[in-house]
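> The residues making up each chain are set out below.
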Amino acid sequence: MGSTPREDDFATRRESVRGLSDRELHARFWELAERIVAPLVEEARTHTSPSIERSVLLRMGFGSAEAKALVARMDEAGLLGHGAGRLLLELSERRGIGVREAGLALLEGLHWDELEGAGGGER
Amino acid sequence: MKLTPDERLDLREVLRDLEHYRPRRKGWSWRRRRPDHALGPFVYADASEDLTRSVPLPAAHSFGGIDPQCDVVVTTEIASGRFEDDLRRMRMAAWHGADHLMVIRTTGQSHFDGLIEGTPEGVGGIPITRKQIRATRKALDAVEDEIGRPIDFHSYVSGLAGPEMAVLFAEEGVNGAHQDPQYNVLYRNINMHRSFVEAAEAKRVLADGGLLQIDGAHNANATAKEAWKVTPELLVQHAVNTAFSRAAGLPPERIALSTVPPTAPPAPKLRLDLPYAVALRRVFAGYRFRAQQNTRYIESDVREATVTHVLDTLISRLTSADIQSTITPDEGRNIPWHYNNVAGVETARQTLMGLDGLDQLVALREDGPLDGQAREIVERAVLFLEEIEASGGYYAAVAEGRFVDSGHYPERAGDGIARDPEGGVGAGVVRRRAPGYGAPVCSHFGHNVYAEEGGTKPCASYGGCTLCDPTKIRYVDELDTEDSVERRLEKPLGERAAGLLRPEVEKAGDGVVCVTLFLPERPAVARAAALELARRMGLREPEVIHARLLHPAEGSVFEVKGILDEAVRVADLPVAEPEERLAHAEIEAFVRPRNLHVVAATVGEDEHSVGMQEILDIKHGGIERYGFRCHYLGTSVTLDALLDAVERHDARVVLISTIVTHHDVHRENMRRLHALAAERGLRERLVLVAGGTQVTDAMAREAGLDAGFGRGTTGQDVASFVVRRLDPDRSG
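So the protein lines, in turn, are chains A and B.
The first sequence begins at 1 in the numbering used here and counts up one residue at a time.
The second sequence begins at 1001 in the numbering used here and counts up one residue at a time.
By construction, these hints were calculated from the structure, which means they are not laboratory data.
Misleading hints may appear alongside valid ones.
[Stated by the list, open to error] Computed list of lysine to any residue pairs in SDA-like fashion (alpha-carbon distance at most 25 Å, straight line):
#1 A:K68 - B:C1468
#2 A:K68 - B:V1449
#3 A:K68 - B:H1111
#4 B:K1229 - B:D1415
[Claimed, not checked] Output of the computed footprint for chain B on chain A, the stretches with three or more beta carbons under 8 Å from beta carbons of chain B:
#5 7-15
#6 60-73
#7 104-115
[Unchecked claim] Listed next, with one range per pair, are the computed distances between beta-carbon atoms:
#8 B:D1480 - A:E34: 28 to 36 Å
#9 B:E1495 - A:E76: 49 to 57 Å
#10 A:G19 - B:G1065: 53 to 61 Å
#11 A:H111 - B:R1432: 19 to 27 Å
#12 B:T1052 - A:R94: 56 to 64 Å
#13 B:A1460 - A:R35: 36 to 44 Å
#14 B:A1427 - A:R35: 23 to 31 Å
#15 B:V1557 - A:E34: 25 to 33 Å
#16 B:A1451 - A:E34: 21 to 29 Å
#17 A:R18 - B:A1427: 37 to 45 Å
Fair warning: this is a prediction, and the values are worked out from it, not measured in the lab.
Note that the Cβ used here is the ideal one computed from N, Cα and C, for glycine as well.
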């Protein structure tokens, strides 16, 4: 299951770092760490998930069960990439109702057709 | 809600009107240091502000009852399964110096994809819910006022639903959280894309909410086959989470590295653990250190665990720690019991106060092996990072099983944990954000068309999100009223209201007790005997929770737990409320002008004199200090000789010391003293007092004396009694 077994070859492998001062060694440690996490950070910046979207709806004043139902339905409809919060906010603005009312209406099965294509372009 | 020290926590009051309870502060609190803090006869170098109420360490009474508080935050972890019982335990722990209360989650919550509501019962921890957090925060706010120090409340933002947990914590005034996506990946087999994407959102919420984050690297110590070999990987795990946290917005002063000294004796602990502790603090200078104690090598022996934890705490002082976490000494054998949380906290504070000012006395040697060993750990970690990068990055390295390998890197045993980047629990739910993606809320990470611009909050267009306007938070009380705190409290609170009392270790009324038995037999026989004797004591479901061989043939000692299914009626108990002592000055003011003579002796054929001297001698804080004229006649004194001395000195007080014997000689001595004094016509004007380790007040009074004093008595106790008896203004 793990990687291939290997003897402790530290004595030879350390040659690449042996000559570094402590300061240089620590700098190298942090350079590597930041390079390793950079693609992970970029993925996080450009992606979302149902839990993230539910956390957005919690912050917009929905209960946990409400947020769960709304996000699940939006994901089924392939809309989650627009952001659950944006879909709701735009619906509320279009219909001139509050954000919470818009969410409750969606929970009752109303206005889903109006979400299609919403949040398309840059704002 | 206000607490009174002599009243139990009113759980129904805690649960009242939670819908409208708001935390009164948010974010993490450190202790307020007090350099050169003078307390009693000492000046402390590493102390913080005193508490207004506390239970001092046991030996404190010899130093004027001082209770110095160390300068670092002290953690205890609590996990009974019922949060209502945890609240009482938290209050007790806070009185003993804990100010970081960490709540363990119920088994399975990390795999629950969403928030749980209400107060269902948990297993090995509790379901973290809004109602539970609110009730806990409310109780802790009251405990803070009672003890006079802020308490940090802490739980977990890991597993599935991390972003939602983080929002919940920020909304409800939780002060600290564990957050480390590597924990999900390596130990919970949660999909790694999801774990990192969600971690960034969660960390951003923690950052803005002022919470302290603790990482998860300590889990590698706990799971490793040979914990001292994982030190290079520990640096790597700390680095991955730290660098990722910085990118998500957490400031270094709120990123705490969870670090555990990896070994325990008989391993040469300091030689192995100190280089790692030093290396970590060098590479991560500027971050915070949460020093945890070892769990990997503790077993059922609480004494052994305690010694290991003292050494762990010594390493904290030899290097540095911002938080000293504690492990209960019974963690190796059961879910921790109330009094073991307190025991763990006491181990840390006793050690830390004993080591006060250590850095002024000793320094780590720079010319010994330490420096090179610390450097080697960092070099190994750098090589590990290089290999991750060469593998194609973090995900690829995990897929190749490079983490949690039991080899000492670069050695590989081939037993690491490999995970499929596209697999695991909760895979396949990460979605790419569209160019127009928007989240009109505060504390959101990443691409967002509503990103804060020119001071306008993302949530401004609809009047604010819950982080700005908490009145918008949706509070859910209970989803299942059967599995709820109100239902669970009916029986224990009903029994208490009826005046019944049961023993407990974990949950109200659990009836669990623990007895210690030594049996002089070979282990198998001795164990069977211990269980049988526990049954005969009336304990249900007896279980050996600790056995220690003393000698293969001479015997073993056992700790046996069982359920004592008995409730006592409080009103029927012969409760002897201890009489309050008079103040020193008050006693002296009565005694000194009256020239009162005291005749004292150890009676019968008894050569013990130490106890009596402690009561008499000024050197031991005895009654001489108040001006009593004491005549100590020695040991094995006859009663006639004693009363002769009374007459000679015109004494008003007689103190006899006696050991309790099988043949009731002690009772006979007391009875005869009373009778002989009466015969001589002295009884009326004399105060007759008996003392001894097993003497009780009831026993002495039954024999005709005025009082009896047992173990733990001080001169002040005896003098207070005598003054009350002799002073006509006080008697009656």
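> Taking the hints in turn, state whether each one holds.
So, going through the hints one by one against the coordinates:
no. : hint                         : verdict
1   : A:K68 - B:C1468              : holds, 22 Å
2   : A:K68 - B:V1449              : holds, 23 Å
3   : A:K68 - B:H1111              : holds, 16 Å
4   : B:K1229 - B:D1415            : holds, 13 Å
5   : 7-15                         : holds (count 6)
6   : 60-73                        : holds (count 9)
7   : 104-115                      : violated (count 0)
8   : B:D1480 - A:E34: 28 to 36 Å  : violated, 47 Å
9   : B:E1495 - A:E76: 49 to 57 Å  : holds, 51 Å
10  : A:G19 - B:G1065: 53 to 61 Å  : holds, 59 Å
11  : A:H111 - B:R1432: 19 to 27 Å : holds, 25 Å
12  : B:T1052 - A:R94: 56 to 64 Å  : holds, 57 Å
13  : B:A1460 - A:R35: 36 to 44 Å  : holds, 37 Å
14  : B:A1427 - A:R35: 23 to 31 Å  : holds, 26 Å
15  : B:V1557 - A:E34: 25 to 33 Å  : violated, 55 Å
16  : B:A1451 - A:E34: 21 to 29 Å  : holds, 23 Å
17  : A:R18 - B:A1427: 37 to 45 Å  : holds, 42 Å
The structure fails to meet hints 7, 8 and 15 from the earlier list, while all remaining hints are met.
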